[in-house]
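Visitor: Protein chains in written order, with my numbering: chain A, 1 to 249; chain B, 1001 to 1287.
Derived from the structure by calculation, the hints contain no laboratory data.
All residues carry an ideal CB built from backbone N, CA and C; glycine is no exception.
Misleading hints may appear alongside valid ones.
Unchecked claim - DEER-style ranges, computed between Cβ atoms: (1) A:65 x B:1122: 47 to 55 angstroms; (2) B:1265 x A:116: 56 to 64 angstroms; (3) B:1106 x A:238: 45 to 53 angstroms; (4) A:230 x B:1110: 54 to 62 angstroms; (5) A:119 x B:1009: 57 to 65 angstroms; (6) B:1192 x A:116: 18 to 26 angstroms; (7) B:1277 x A:10: 45 to 53 angstroms; (8) B:1106 x A:59: 22 to 30 angstroms; (9) A:65 x B:1097: 38 to 46 angstroms; (10) A:65 x B:1192: 17 to 25 angstroms; (11) B:1110 x A:65: 32 to 40 angstroms.
Each chain, letter by letter, is given below.
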Amino acid sequence: MSTPVLELIDLRKSFGDLVVLHDVNLEVPEHTATVLIGASGSGKSTLLRCVNLLEPIDDGLILLDGQEISDPAIDVDLIRRKLGIVFQSFNLFPHMTIRQNITLAPIKVQGKSRDEADEIAEELLKRFDLLEKADEYPDRLSGGQQQRAAIIRSIAVNPRLLLLDEVTSALDPVLVNEVLSIVRDLKADGMTMVLATHEMGFATQVADQVCFLESGVILERGSAEQVLRQPEHPKTREFLKRVHEAGRL
Amino acid sequence: MVSNLSPWSPSAREIERQSFRRASHNRKRLIAVFSTIFVLGSLATVLITSPGWKSVKETFFDIEYGKEVFPTVIRGLVVNIQLTVIGGIAITIIALALALLRTTKSPALTPFRFIATAYVDIFRGAPLILIILLVGFGVPALRIQGLTSNVIVLGTVAVVLTYSAYVAEVIRSGILSVHASQRAAARSLGLTSNQAMRYVILPQAIRRVIPPLLNDFVSLLKDTGLVSILGVTDAVRAAQINASRTFNYTPYVVAAILFLLITIPLTRYIDRHIRLRSEQQNSEGVA
Chain A
1 MSTPVLELID
11 LRKSFGDLVV
21 LHDVNLEVPE
31 HTATVLIGAS
41 GSGKSTLLRC
51 VNLLEPIDDG
61 LILLDGQEIS
71 DPAIDVDLIR
81 RKLGIVFQSF
91 NLFPHMTIRQ
101 NITLAPIKVQ
111 GKSRDEADEI
121 AEELLKRFDL
131 LEKADEYPDR
141 LSGGQQQRAA
151 IIRSIAVNPR
161 LLLLDEVTSA
171 LDPVLVNEVL
181 SIVRDLKADG
191 MTMVLATHEM
201 GFATQVADQV
211 CFLESGVILE
221 RGSAEQVLRQ
231 PEHPKTREFL
241 KRVHEAGRL
Chain B
1001 MVSNLSPWSP
1011 SAREIERQSF
1021 RRASHNRKRL
1031 IAVFSTIFVL
1041 GSLATVLITS
1051 PGWKSVKETF
1061 FDIEYGKEVF
1071 PTVIRGLVVN
1081 IQLTVIGGIA
1091 ITIIALALAL
1101 LRTTKSPALT
1111 PFRFIATAYV
1121 DIFRGAPLIL
1131 IILLVGFGVP
1141 ALRIQGLTSN
1151 VIVLGTVAVV
1161 LTYSAYVAEV
1171 IRSGILSVHA
1181 SQRAAARSLG
1191 LTSNQAMRYV
1201 ILPQAIRRVI
1211 PPLLNDFVSL
1221 LKDTGLVSIL
1231 GVTDAVRAAQ
1241 INASRTFNYT
1251 PYVVAAILFL
1261 LITIPLTRYI
1271 DRHIRLRSEQ
1281 QNSEGVA
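Chain A on its own, in the form it takes in the complex (with noise of 0.2 angstroms):
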């Protein structure tokens, strides 16, 4: 078997005197996807946000295509252009318009030039049915078209990875759908991805791989049929209960 894309050994992170993640190891094989589930605060963004290096881990390793870069000297920066996130509340940036904000990164960090960077935009834009609004602002957007731009942006620049946390959560659930098909296309052209979810249909199209967190330890793992299906962990049971009694599922 070939080295995975992403590896989790032993991963601890602790604020002050909480630890919000315990000791998690963590498998991402190339070109398949791992949905995380679990309450909120379970340590699933958390843990997303531990592998982009926007938090400092306590202990444990991080490994990327086999390199180690939880190493502290390593060039966060150059690691960075390697790994796409999608946050939750999309964080376009609001003085550009839809085509900057996706041509930002092709221009500065790959030194592509604009025409370049132009065409890739538009290629996304197109495909992703969002070409109309190359030129308007985030604020002009729905809420489903901010996250599908917050997506296209991340993926301009070809990321080995694909962090996707809670993407659809701030959503009305009619915008829903919109944004989950893109990640559903994402996933058929083989792009490897580690997202965190409440939406459990989804999670069962998309994933090879489901891990159940509870307070920062992965108590179940498995593929999507046999954690969400059949449950083993008494803990898993009762989170997957309460989702489906809340109607999500």
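Chain B: place on chain A using the hints.
Guide: Structure of chain B alone, referenced to chain A:
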């Protein structure tokens, strides 16, 4: 649009409500007019019937003398405006550098960050008039070869030193007001810390602080009048020369009116700018 709705004609109750609102509106207007006439009329009466009014009118509001000194005062005002524009440019550049230095975390810049903080503390805390006196009389006293003793230059330097500290704090507050998630988004795209500042943080920060900055520049225009204490022939000094020659203070009133003619429209413009922006932001909040 829904097109199959019958045309609307107000109900009897609505017509009643409208006429009540109209009557109430007219009553309020009448009260406002009477109140204004009464208050302003009383003030004018107190002023005009005061025992010294006749001499005040002659020494402060001599229209003929006002016309006579007007050209000299306005020539002085040109100096104030020049000082504001040139000083304003220098202030913007220095303040931006100070604000960036104070928000940087680069270890190599630690001594400069320390100096910037001390600078802001000193010049924001000391009265402008003292800085003008210290620079205006202190620098020439050093008698360093090549250093100017031109009072206009020294006065400008003093004003720039002080205002750079004010403006730096305004810009810095703007930088700090941009949410951390913007920085996270920029950094996670691979932008370096400097690139994130330049392309993402600073443009948003500057947009936010434009209204308070414009207010600072209105204050700057007024405070350029303080350099007159060094002997710079600005509007204030020109008025002073005339007033001390004739013991008639009308030139001061002329200078005050000229300043107001610039500052009032400017502040109105800024208020309008702020209002439009807050309306825009509110509509964004709804969308």
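Visitor: Does the Cβ-Cβ separation between residue 119 (chain A) and residue 1009 (chain B) fall within 57 to 65 angstroms?
Guide: 58 angstroms, holds
Visitor: Honestly, do residue 230 (chain A) and residue 1110 (chain B) meet the 54 to 62 angstroms range at C-beta?
Guide: About 58 angstroms separates the Cβ atoms of residue 230 (chain A) and residue 1110 (chain B), which means 54 to 62 angstroms holds.
Visitor: Between residue 1265 (chain B) and residue 116 (chain A), is the Cβ distance one that fits in 56 to 64 angstroms?
Guide: 48 angstroms, violated
Visitor: Range first: 22 to 30 angstroms. Now tell me if the beta carbons of residue 1106 (chain B) and residue 59 (chain A) are that far apart.
Guide: 28 angstroms, holds
Visitor: Between residue 1192 (chain B) and residue 116 (chain A), does the C-beta distance stay in 18 to 26 angstroms?
Guide: Given a distance of about 21 angstroms, which is inside 18 to 26 angstroms, the answer is holds.
Visitor: Taking the Cβ atom of residue 65 (chain A) and the Cβ atom of residue 1122 (chain B), is their distance within the range 47 to 55 angstroms?
Guide: 52 angstroms, holds
Visitor: If I claimed the Cβ atoms of residue 1110 (chain B) and residue 65 (chain A) lie 32 to 40 angstroms apart, would that claim hold in this structure?
Guide: 36 angstroms, holds
Visitor: Would you say the C-beta atoms of residue 65 (chain A) and residue 1097 (chain B) sit inside 38 to 46 angstroms of each other?
Guide: Since residue 65 (chain A) and residue 1097 (chain B) have Cβ atoms about 41 angstroms apart, the given range 38 to 46 angstroms holds.
Visitor: Taking the CB of residue 1106 (chain B) and the CB of residue 238 (chain A), does the distance hold inside 45 to 53 angstroms?
Guide: 49 angstroms, holds
Visitor: Given the hint of 45 to 53 angstroms, check if residue 1277 (chain B) and residue 10 (chain A) actually sit that far apart at their C-beta atoms.
Guide: 51 angstroms, holds
Visitor: At the C-beta level, are residue 65 (chain A) and residue 1192 (chain B) separated by a distance inside 17 to 25 angstroms?
Guide: 22 angstroms, holds
Of the hints listed earlier, the one the structure fails to meet is number 2.
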